[in-house]
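Student: Produce the entire structure from the sequences given, and follow the hints as far as they go.
Read top to bottom, the protein sequences are chains A and B.
The letter at position 91 of the first sequence is residue 91 when you use my numbering, and the numbering goes up by one with no holes.
The letter at position 108 of the second sequence is residue 108 when you use my numbering, and the numbering goes up by one with no holes.
A few of these clues could be false.
Claimed, not checked - Straight-line distance between alpha carbons at most 20 Å, and here's what the computed SDA-like set of lysine to any residue pairs gives:
#1 A:97 - B:80
#2 A:97 - B:16
#3 A:97 - B:18
#4 A:5 - A:26
To be verified - Stretch by stretch, here's where chain A covers chain B in the computed footprint (C-beta under 8 Å, at least three residues):
#5 11–22
#6 37–43
#7 55–65
In short, the hints are calculated from the structure, not lab data.
Where a beta carbon is used, it is the ideal one built from N, C-alpha and C, also for glycine.
Spelled out, the chains give:
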Amino acid sequence: DQQVKQNSPSLSVQEGRISILNCDYTNSMFDYFLWYKKYPAEGPTFLISISSIKDKNEDGRFTVFLNKSAKHLSLHIVPSQPGDSAVYFCGAFGNEKLTFGTGTRLTIIP
Amino acid sequence: EAQVTQNPRYLITVTGKKLTVTCSQNMNHEYMSWYRQDPGLGLRQIYYSMNVEVTDKGDVPEGYKVSRKEKRNFPLILESPSPNQTSLYFCASSFSWGATEAFFGQGTRLTVV
Numbered sequence: 001d002q003q004v005k006q007n008s009p010s011l012s013v014q015e016g017r018i019s020i021l022n023c024d025y026t027n028s029m030f031d032y033f034l035w036y037k038k039y040p041a042e043g044p045t046f047l048i049s050i051s052s053i054k055d056k057n058e059d060g061r062f063t064v065f066l067n068k069s070a071k072h073l074s075l076h077i078v079p080s081q082p083g084d085s086a087v088y089f090c091g092a093f094g095n096e097k098l099t100f101g102t103g104t105r106l107t108i109i110p
Numbered sequence: 001e002a003q004v005t006q007n008p009r010y011l012i013t014v015t016g017k018k019l020t021v022t023c024s025q026n027m028n029h030e031y032m033s034w035y036r037q038d039p040g041l042g043l044r045q046i047y048y049s050m051n052v053e054v055t056d057k058g059d060v061p062e063g064y065k066v067s068r069k070e071k072r073n074f075p076l077i078l079e080s081p082s083p084n085q086t087s088l089y090f091c092a093s094s095f096s097w098g099a100t101e102a103f104f105g106q107g108t109r110l111t112v113v
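Tutor: Quick look at the structure:
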């Protein structure tokens, strides 16, 4: 049973435009939500997080939005840059465990 | 430099031959965990440890063992590897079980033939 879902396996966005990556979850007991970025042949690296008591967190070009009633979160990247091309994993922390989605491959087109 | 180090990075082995993948962190983190990454399945947690001598099963623990005798080390043991354990494995650590940011190692690509 997939508690964290990323329904789009891939996404292509023009350089300079906004990239929006989506994530849905089923467990309302999750405390924190996180986004990780992964380049080929490297481990995932932490990007941004949001507590379940907030609905928005911003860090430079990255903003995460949380809609608890819809059990949905999204990552906005503005403006998108070629170095943003990577696989993005949505994660949710609760009950001592960090659970990840299946990932979305973002490709930024120059 | 703060890091999580896994060894080996690549390993090809035969069915049934016991192997250990080592993981070490130099950040004095309490929480460590192992994940496997498979196409279409994302990152799935195998085992985690909240502190020395405290380990617990993640979502896919079958066929794996772990130990946490020292804070810095968290080896993953496959007593009798099978082809369905062919995967990309990641070790991760974080300051505490409630911390939001986990640091990942570079991964170990394991092939079991």
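Student: Would you mind marking each hint as holding or not holding in the structure?
Tutor: Quick rundown of the hints versus the structure:
1. A:97 - B:80: Since the Cα atoms of residue 97 of chain A and residue 80 of chain B sit roughly 26 Å apart, the hinted pair is violated (cutoff 20 Å).
2. A:97 - B:16: violated (30 Å)
3. A:97 - B:18: violated (27 Å)
4. A:5 - A:26: holds (9 Å)
5. 11–22: violated (count 0)
6. 37–43: Held - the region 37–43 of chain B has 4 residues with a Cβ nearer than 8 Å to chain A, which meets the minimum of three.
7. 55–65: holds (count 3)
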